[in-house]
Structure formats: structure tokens, C-alpha cells
Amino acid sequence: MSNKLHSPLGHGRTNKILVTAALAKVQVDLVDTQLNENTIKELLKLNPFGKVPVLETTEGSIFESNAILRYLARHSQGLYGTSQYQQGLVDQWLDVTTNELETEAIVVALQVLGYTPVNQTQQKNSLTSIANTLSIVNTQLGKNKFITGETLTVADVALAQVLTFVFTYLIGEEERNKYPQLLKWLSEVNSLPEWREYFGRPRFLKKAFPQVTEEKKEKKQEQKQEKQKEQPKQKEQPKQQEQAKPKAQEGDDDDQPKKKEVNPLDLLPPSTFNIDDYKRIFFAEKDIQKNMETLFSTVDLNGWSLWLVKYNKSENEGKKLILTNNLMKGFINQRLDQNFRKYAFGIHGVYGDEPNLELRGAWLWRGTEVPKEWKDHVAYDYHQFIKIDINNAEQKQLFVDYWVKQEEDVSVVEGLTARSLIYFR
11 MSNKLHSPLG HGRTNKILVT AALAKVQVDL VDTQLNENTI KELLKLNPFG KVPVLETTEG
71 SIFESNAILR YLARHSQGLY GTSQYQQGLV DQWLDVTTNE LETEAIVVAL QVLGYTPVNQ
131 TQQKNSLTSI ANTLSIVNTQ LGKNKFITGE TLTVADVALA QVLTFVFTYL IGEEERNKYP
191 QLLKWLSEVN SLPEWREYFG RPRFLKKAFP QVTEEKKEKK QEQKQEKQKE QPKQKEQPKQ
251 QEQAKPKAQE GDDDDQPKKK EVNPLDLLPP STFNIDDYKR IFFAEKDIQK NMETLFSTVD
311 LNGWSLWLVK YNKSENEGKK LILTNNLMKG FINQRLDQNF RKYAFGIHGV YGDEPNLELR
371 GAWLWRGTEV PKEWKDHVAY DYHQFIKIDI NNAEQKQLFV DYWVKQEEDV SVVEGLTARS
431 LIYFR
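What the sequence shown shows, in the numbering used here, is residues 11 to 435, in sequence order.
Think of the hints as simulated: they come from the structure by calculation, not from any bench. If you're wondering where the values come from, they're calculated on a predicted model, not measured in any experiment. Some hints could be false.
Claimed, not checked - Taking lysine-lysine and the DSS-like style, the derived pairs with C-alpha atoms no more than 30 angstroms apart in a straight line are: (1) K330 - K55; (2) K188 - K217; (3) K155 - K61; (4) K289 - K153.
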């Protein structure tokens with residue numbers, strides 16, 4: 011019986027275990043295990059805490075991801091250190107990764123991504139702690155090629171997994187560049203064939219997501235309370251006194267409400283086409299041919315445009331459906347500005363077969379050029395944007411195919427079977 015890893019496919023902790031197994035040349039078969047009421051009974055037989063990951067071996071089960079890493083690393087020459095001292099360093103940096111970095115990163119990520127309520131003080135403290143840890147790690151990597159010395163160990167794998175997550179979701183390019191030694195080391199780990207097989211090519215943020223704060227809420231509440239206090243006084247004051255109030259002096263910016271940044275798409279000339287009306291028609295009209303006739307007859311091509319968007323994957327991407335599907339959903343539902351939904355409608359998906367899957371889709375959006383929302387996307391440079399000329403029969407038909415052929419595992423577009431599709435609406 012080979013080792014079986016019970017863990018969710020594509021999860022960071024799953025992948026770091028699989029990378030370690032590959033480096034240690036230990037056979038590990040992944041059993042994709044999602045935590046739900048259907049799996050919990052079997053999982054409890056392997057782990058009394060009912061959690062994943064769990065490694066099922068011939069001798070019994072091992073749970074906790076770092077314990078699994080240590081177990082696998084001991085099967086190799088040097089992956090767990092070449093001396094007792096280096097093994098101590100491996101344990102040290104595994105603990106640092108979990109206690110000083112991962113726990114703080116999770117606190118911030120859950121708030122930034124909207125999974126937990128905002129706690130501004132907690133966010134700030136966690137980001138400060140992360141920055142301090144990154145500085146220490148950067149200094150350490152200025153002394154050695156790897157975190158515990160001159161050879162790669164499982165501590166590097168664990169640390170790289172968390173840092174890849176941090177740089178993908180929390181920290182932008184300007185902040186990252188403060189840690190040159192760390193970035194050099196991370197690039198080397200990220201380039202390992204064993205790493206690329208499971209994590210693919212990293213896509214780091216150019217700009218950090220705006221920190222979620224409650225300042226606006228608090229400011230609105232304060233303004234509301236001030237207005238309520240002032241209303242009785244205003245009724246008592248004659249109009250002449252109202253007119254005599256001093257005007258705000260130039261430079262009194264602190265007393266002026268900040269203007270909301272205007273989206274360039276709102277500055278475009280008025281259009282006869284209403285995207286919200288079309289979205290309703292799209293989902294209500296079951297006649298596909300009539301649906302397309304409605305689009306082409308009503309769309310204002312002076313104010314809107316049709317596009318095909320294709321992702322130029324790396325050599326290690328598109329191997330597994332579930333990983334590629336997660337990549338696609340991350341690109342569209344997390345990395346693309348969600349306010350763009352007011353100005354766009356898209357049908358995007360995973361097409362093809364393992365191990366050669368593709369990400370692509372058909373889009374309709376405001377304006378006639380690629381908008382700022384896409385240009386600010388972390389993977390903008392890796393996408394191809396093809397503007398559709400509806401007078402070109404071939405291009406028009408290709409757009410129609412992506413727009414209407416939506417039956418997963420059945421519909422075929424450009425010779426590729428549609429595997430997983432989502433709407434951006």
C-alpha cells in the first residue's frame with residue numbers, strides 16, 4: 011500500500027506536502043478530501059480531530075501538515091538537515107513560519123478577502139508583525155543560500171509556501187522590493203520543477219489590495235450625528251446669518267469631504283445600450299438565436315465592445331482541471347475589480363482536456379478599449395485581448411460560440427470541450 015494523502019486538491023498545505031514528497035522521492039497518492047458531512051465520518055477514523063491534511067501510511071496515520079513534512083523529509087538525504095544542529099534549525103524555521111508568519115497572514119487575508127469582519131487595529135498589528143518577520147528572514151537569507159544553510163530543506167518549502175501566499179494576496183511590489191535577498195531565494199524555490207508541478211508559476215500582486223477599513227463608515231456616522239445636532243440651530247438662525255457664513259479657505263482640505271474617484275468609464279459619452287437590461291434579457295430568453303439577435307441589434311459599438319480574452323499559461327499550468335478551475339475563479343472572482351461588474355458581462359471558462367487545459371472567454375464591456383480594471387489585473391500581461399469586429403463573419407461566429415455553447419463537458423468551441431464556466435455579471 012502506498013502513502014495516501016487525504017487533503018483538498020490545490021490547497022497550499024496540500025501542495026507543500028506533495029512538493030516535499032516529490033523532493034524526497036516518496037510515493038504519495040492524493041485523495042481529494044473536502045471537509046463536509048459526507049467525508050467527516052471516514053476522516054475521523056484517520057484523525058480524531060476530523061481535520062485535513064492526513065497522511066495514511068502502512069504503519070498508521072499522521073496528521074498536522076508540518077508533522078507530515080518532517081516524516082517525508084526523513085526519507086531523504088539532507089531534506090531534514092545533514093546534522094542534528096541543522097535538524098534543529100529546520101524545526102526552528104518550521105515553527106517560525108507557522109507562528110510568526112502564517113497565523114498573521116491568515117488574520118489579514120480573511121479580512122481583506124471579506125471572510126471575517128474588519129478589525130483595523132488587528133489588521134495593522136498583523137501587517138507590522140509580518141513586515142518584521144520578512145525583515146528577519148531577509149537578513150538570514152543574506153547569510154546563507156537557503157534558510158538553514160547552503161542546502162535546500164523542508165523548512166524552505168514550508169516558508170516558500172506561506173510567502174508565496176502573502177505576496178499573491180497581501181503585499182504589493184513596492185513593499186516586496188524591500189527584501190531583495192528573500193526575493194532571490196523565493197525565485198529559486200519557485201523555479202524548482204517539483205514546485206512548479208503543483209504550484210505553477212507564481213502571480214504576485216503589483217499593488218496590494220486596498221486595506222479594508224471602517225473609516226468611511228465612522229465618518230458618515232459622525233457627519234450624520236453632526237447634521238442632527240445642527241438642524242435645530244439652523245432653524246433658529248435667520249437667513250442673513252446663513253449667508254454671512256465664511257467660505258472655506260483654500261487649503262482647508264481636512265474639513266472638506268473627499269471626492270470619490272471617478273471611473274473613466276463613467277466619463278464616456280452616453281450610450282443607448284443598457285447592460286443591466288441586456289443581462290435580464292440574456293437569462294430570460296431561452297431562444298439562443300433570438301438572444302444573439304437582440305445583442306447584435308441593440309449593442310452600441312461606439313460605447314461598448316465585444317472581446318475574446320485568452321490566458322497565456324505557463325508550461326506547468328493547465329495540467330489538472332481542479333487547479334486550473336481554481337486559477338480561473340481566482341483571476342475573475344478575486345483578482346478582477348468587482349466594481350467592473352457594473353460595466354461588463356462575461357462568460358469565462360476552462361476548456362480542453364488534461365493535461366492541456368486553457369482559460370478563455372467572451373466579454374462585453376463599456377468603452378472600446380481594454381479598460382483600467384483589466385490593466386490593473388495582476389496577470390494582465392499574460393492575457394491576450396482580441397476585439398471582435400462583427401462585420402468579420404469568422405470573428406463574429408467565434409464570439410457567438412463562446413457566448414452560447416455553455417453545456418459543460420459537452421459543448422465544444424475551437425475544438426476544445428467546455429469544462430467549467432462562470433458568468434461575470
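Evaluation of the provided hints:
The suggested pairing of K330 with K55 holds, with an alpha-carbon distance near 29 angstroms, which does not exceed 30 angstroms. Pair hint K188 plus K217 holds up; C-alpha atoms about 14 angstroms apart against a cutoff of 30 angstroms. The straight-line distance between the Cα atoms of K155 and K61 is roughly 35 angstroms, outside the 30 angstroms bound, and the hint therefore fails. Between K289 and K153, the direct Cα distance comes to roughly 58 angstroms. Violation of the 30 angstroms bound is thereby established for this hinted pair.
Against the hints set out earlier in the document, violations occur for numbers 3 and 4.
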